[in-house]
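Engineer: Following the hints, put chain B in place on chain A, whose structure we already have.
So the sequences go chain by chain: A and B.
In this text, residue positions in the first sequence follow my numbering: the first is 1, and each later residue adds one.
In this text, residue positions in the second sequence follow my numbering: the first is 1001, and each later residue adds one.
Check before you lean on any hint, since a few could be wrong.
Distance condition first, Cα-Cα at most 25 Å in a straight line; then the derived SDA-like pairs of lysine to any residue [to be verified]: (1) Lys1159(B) with Ala21(A); (2) Lys1159(B) with Leu50(A); (3) Lys28(A) with Ser8(A); (4) Lys1053(B) with Arg1073(B); (5) Lys1144(B) with Pro59(A); (6) Lys1066(B) with Asp1081(B); (7) Lys1132(B) with Ala51(A).
Everything labelled a hint here was simulated from the structure, so no lab data went into it.
Quick caveat: nothing in here was measured; it's all calculated off a predicted structure.
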Amino acid sequence: MRCARVDSLLDRYVDGTLNRAAASAVSKHLESCPRCPGRLAVARRLAAALASGQEAAAPPGFARRVMDEVYRQALRGTPVSTADQGMERDAREREGRRAGFYRRLGYTFMVSAGILAVSLLIPHASYLTLIRGQHPGLEPATGSSVVQNVLVGAGRIVRGTLGEGGSASEIHEGGAR
Amino acid sequence: MTDEQIIGRVRGGETRLFEELVRRYQGQVYGMAARLVGGRGDAEDVAQEAFLKAFRGLEGFKGDAKFSTWLYRITWNVCTDWLRRNRKPGRRSSSIDETPEVADSRVDVAGSLVESERREEIRRALDGLPDKYRSVVTLMYFQKMSYDQISAVLGLPLKTIETRLYRARRMLREALSTMDERSRG
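This is chain A alone, in the form it adopts within the complex:
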């Protein structure tokens, strides 16, 4: 028998699970081989170490902790594993972050829209008030007259500021022509 073959049978030889003929052939080889007895010693050491493996005991209170979780899940009605709990918690946090983002985005949009509306309407309202104060006979504003009045008001402001003769409405009308 060659060394390679003996090597492949060594563990079963040590375990005593080889048939008699094979075991005898291995024994014969071991008596005359200078290398294989060393391998046999290692195989025996390995077998002894593996055979000495002891059963680990669970930590104290382990069963109680498992049952606590079992009851917790039973009470919830929708059993969720500890790993699933982690995933569920992550998903909730993600969902919460996403909802928070959209909520903040909504608030930002509303505030921006409000600021825009105020910035557009308040100056116009003041122009209209100014115009109506100067022209008490003016008809209540309609869509087109509001634009015209605003332009007149703006023209007055521009004229007043620049000290020029034209008005913004004339400029506008000129442009339209």
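Structural biologist: What follows is chain B alone, placed relative to chain A:
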């Protein structure tokens, strides 16, 4: 009361009886988790997860296999999932007998030193094995399972288990020889 009787009553609504099954198998399940995933905290999480999965799946347990085999298979699946999610390159893979809570601590000091040296040697050698070999050795020698049981737990043919065990032991022998050479040199 047999496992099957307990299962029947748990299914009937006596949830508290599940604790008896946990107590019966906690050593095996925890031991398997400790040896396959490593650290004590992780092992407890994995073992707990295995029991919770078993509890949830109890309705679906048909009794084709023994409850213990079914439970170990669940444990194995939870362990492999954990390893897939958490294994980092170079991470120490196993903790053979790192756990001090062994079933019987009544050993003499000299004997325990030899034992601990042997265990440390094997632990280091096992660390170097790929999971598929390490798992077979763990189930065989530390969980004391039969070939048939290992085959059922891992869902692999008997022949594959035999081949893996043979290769694993060969690799372990080589690892031990290399350690010997290093310590001599």
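Engineer: All hints, please: hold or fail.
Structural biologist: Cross-check of the supplied hints:
no., hint, in the structure
1, Lys1159(B) with Ala21(A), "holds (23 Å)"
2, Lys1159(B) with Leu50(A), "holds (21 Å)"
3, Lys28(A) with Ser8(A), "holds (15 Å)"
4, Lys1053(B) with Arg1073(B), "holds (11 Å)"
5, Lys1144(B) with Pro59(A), "holds (20 Å)"
6, Lys1066(B) with Asp1081(B), "holds (23 Å)"
7, Lys1132(B) with Ala51(A), "holds (20 Å)"
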